[in-house]
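Student: The lines below spell out each chain.
There are 2 protein chains.
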Amino acid sequence: MRLTNYTDYTLRTLIYLALTTDRLVTIAEISEHYGISEAHLNKVVHQLGLAGDIETVRGKGGGLRLGRPPEAIRVGDVVQRCEPDLVLVPCFGEQGVCAIEPDCVLQKAMQGALTAFLKELNRYRLADLIAPRRKLAALLGLPRAAREPDSAGGRRLLRRQA
Amino acid sequence: MRLTNYTDYTLRTLIYLALTTDRLVTIAEISEHYGISEAHLNKVVHQLGLAGDIETVRGKGGGLRLGRPPEAIRVGDVVQRCEPDLVLVPCFGEQGVCAIEPDCVLQKAMQGALTAFLKELNRYRLADLIAPRRKLAALLGLPRAAREPDSAGGRRLLRRQA
Chain D
40 MRLTNYTDYT LRTLIYLALT TDRLVTIAEI SEHYGISEAH LNKVVHQLGL
90 AGDIETVRGK GGGLRLGRPP EAIRVGDVVQ RCEPDLVLVP CFGEQGVCAI
140 EPDCVLQKAM QGALTAFLKE LNRYRLADLI APRRKLAALL GLPRAAREPD
190 SAGGRRLLRR QA
Chain C
40 MRLTNYTDYT LRTLIYLALT TDRLVTIAEI SEHYGISEAH LNKVVHQLGL
90 AGDIETVRGK GGGLRLGRPP EAIRVGDVVQ RCEPDLVLVP CFGEQGVCAI
140 EPDCVLQKAM QGALTAFLKE LNRYRLADLI APRRKLAALL GLPRAAREPD
190 SAGGRRLLRR QA
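First to last, the sequence lines map onto chains D and C.
So for the first sequence, the working numbering puts the first residue at 40; every next one is plus one.
So for the second sequence, the working numbering puts the first residue at 40; every next one is plus one.
Don't take every hint at face value.
Identical copies carry no separate label here, and so any pair may be met within one copy or between two of them.
Lysine to any residue pairs mimicking SDA-like chemistry, simulated, CA-CA at most 20 Å apart [claimed, not checked]:
| no. | residue 1 | residue 2 |
| --- | --- | --- |
| 1 | Lys99 | Arg62 |
| 2 | Lys158 | Met40 |
| 3 | Lys158 | Lys174 |
| 4 | Lys174 | Glu94 |
| 5 | Lys158 | Asp61 |
| 6 | Lys147 | Glu77 |
| 7 | Lys99 | Lys174 |
| 8 | Lys174 | Arg107 |
| 9 | Lys82 | Leu157 |
| 10 | Lys158 | Val96 |
| 11 | Lys99 | Thr65 |
| 12 | Lys99 | Arg120 |
| 13 | Lys147 | Gln119 |
| 14 | Lys158 | Val136 |
| 15 | Lys82 | Thr43 |
| 16 | Lys82 | Asp116 |
| 17 | Lys158 | Arg120 |
| 18 | Lys158 | Leu125 |
Everything labelled a hint here was simulated from the structure, so no lab data went into it.
Predicted model only: the values in this text are computed from it and were never measured.
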């Protein structure tokens with residue numbers, strides 16, 4: 040059980056943009072900082088744009104920025120949108136691949152587990168993922184401008200979990 | 040995100056054996072009823088034997104049976120044992136694949152979601168999976184002997200969920 044690289048790249052792109060709110064960011068820059076190919080990121084950015092999570096400013100000096108506040112982007116929603124194959128077991132995708140499918144309790148158990156997985160992820164917003172803002176910006180080698188104080192959103196989550 | 044076929048076959052083998060408690064079962068029989076190759080089932084059965092979930096009686100007239108009561112086998116434990124790759128994101132498996140790994144909140148979120156997933160699955164025992172015993176036995180074309188009344192374990196779970 041593993042998420043796709045596509046989902047991982049999508050979340051990391053969102054984290055990068057949430058850490059860099061003072062300017063527009065290019066795909067080349069994200070590619071360089073994470074070591075992810077631009078070809079992969081092009082697809083990621085296109086889909087994030089369609090979902091409204093990021094905005095693209097075209098032309099010279101153009102680039103990417105978040106399309107909504109990081110408090111408004113839930114991690115579970117992003118994962119659910121990115122994963123083409125949240126089927127867990129073959130019978131989720133196709134009918135008739137298992138003899139006991141019509142009365143299978145396992146299918147119900149798996150659906151419940153998947154719901155629990157996404158619900159837990161939805162406890163986190165993008166704002167929570169960038170809570171250690173200064174440390175993350177330093178790890179990515181981002182300029183000082185990005186290193187604002189750690190966000191209140193992140194501290195709120197840590198308190199809730201304590 | 041998808042479980043491996045190996046996990047799916049393991050759970051289905053356990054369901055089959057839990058439905059057939061009046062006699063020993065052969066791999067050929069499970070293979071025929073589910074349409075799963077014997078080669079795949081050989082590996083499944085070997086690992087289930089090592090875990091103690093099933094017992095193998097060797098020799099003429101030999102075969103397989105459950106190694107412990109179906110109430111004692113938790114679905115989440117089986118899934119956790121079967122899945123080699125419960126890593127979700129690349130950084131679970133290898134260090135240093137992502138620049139922000141040392142302070143990544145997403146990694147913590149994913150671990151929490153995985154825990155929630157397995158915890159939800161562990162609400163189910165093998166006994167719950169065979170609660171609609173007669174219906175499942177009929178779907179598998181099992182002899183009448185297997186079609187005992189629906190188990191109390193299954194009814195208990197359904198009440199708990201209501």
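Student: Confirm or reject each hint.
Tutor: Okay, the hints, checked on the actual structure:
1. In this assembly of identical chains, the alpha carbons of lysine 99 and arginine 62 lie at most 20 Å apart only when taken from the same copy (14 Å versus 76 Å across copies).
2. In the homo-oligomer, the alpha carbons of lysine 158 and methionine 40 lie at most 20 Å apart both inside one protomer (17 Å) and across protomers (15 Å), since each shortest distance falls under that limit.
3. Taking the shortest Cα distances, lysine 158 and lysine 174 never come within 20 Å of each other, neither inside one copy (27 Å) nor across copies (32 Å).
4. Taking identical chains as interchangeable, the C-alpha atoms of lysine 174 and glutamate 94 are never at most 20 Å apart, the minima being 25 Å within one chain and 53 Å between chains.
5. Taking CA atoms no more than 20 Å apart as the test, lysine 158 paired with aspartate 61 passes in neither setting, with 32 Å inside one copy and 42 Å between copies.
6. When the C-alpha separation of lysine 147 and glutamate 77 is checked against a cutoff of 20 Å, the pair qualifies neither within a copy, at 40 Å, nor between copies, at 27 Å.
7. Within a single copy, lysine 99 and lysine 174 get their C-alpha atoms no closer than 31 Å, and across copies no closer than 66 Å, so neither meets the 20 Å cut-off.
8. When the C-alpha separation of lysine 174 and arginine 107 is checked against a cutoff of 20 Å, the pair qualifies neither within a copy, at 23 Å, nor between copies, at 50 Å.
9. For a Cα distance limit of 20 Å, the shortest separation of lysine 82 from leucine 157 qualifies neither inside one copy, at 23 Å, nor across copies, at 32 Å.
10. Taking identical chains as interchangeable, the C-alpha atoms of lysine 158 and valine 96 are never at most 20 Å apart, the minima being 33 Å within one chain and 44 Å between chains.
11. Taking the shortest alpha-carbon separations for lysine 99 and threonine 65, only the intra-copy value of 11 Å comes in at or below 20 Å, while the best inter-copy value is 70 Å.
12. Taking the shortest alpha-carbon separations for lysine 99 and arginine 120, neither the intra-copy value of 31 Å nor the inter-copy value of 53 Å comes in at or below 20 Å.
13. When the C-alpha separation of lysine 147 and glutamine 119 is checked against a cutoff of 20 Å, the pair qualifies both within a copy, at 18 Å, and between copies, at 18 Å.
14. Neither within a single protomer nor between protomers do lysine 158 and valine 136 lie at most 20 Å apart by alpha-carbon distance, with minima of 29 Å and 27 Å respectively.
15. Taking the shortest Cα distances, lysine 82 and threonine 43 sit within 20 Å of each other inside one copy (13 Å), while across copies they are farther apart (27 Å).
16. In this assembly of identical chains, the alpha carbons of lysine 82 and aspartate 116 lie at most 20 Å apart only when taken from the same copy (18 Å versus 37 Å across copies).
17. Taking the shortest Cα distances, lysine 158 and arginine 120 sit within 20 Å of each other inside one copy (14 Å), while across copies they are farther apart (24 Å).
18. Both within a single protomer and between protomers do lysine 158 and leucine 125 lie at most 20 Å apart by alpha-carbon distance, with minima of 14 Å and 18 Å respectively.
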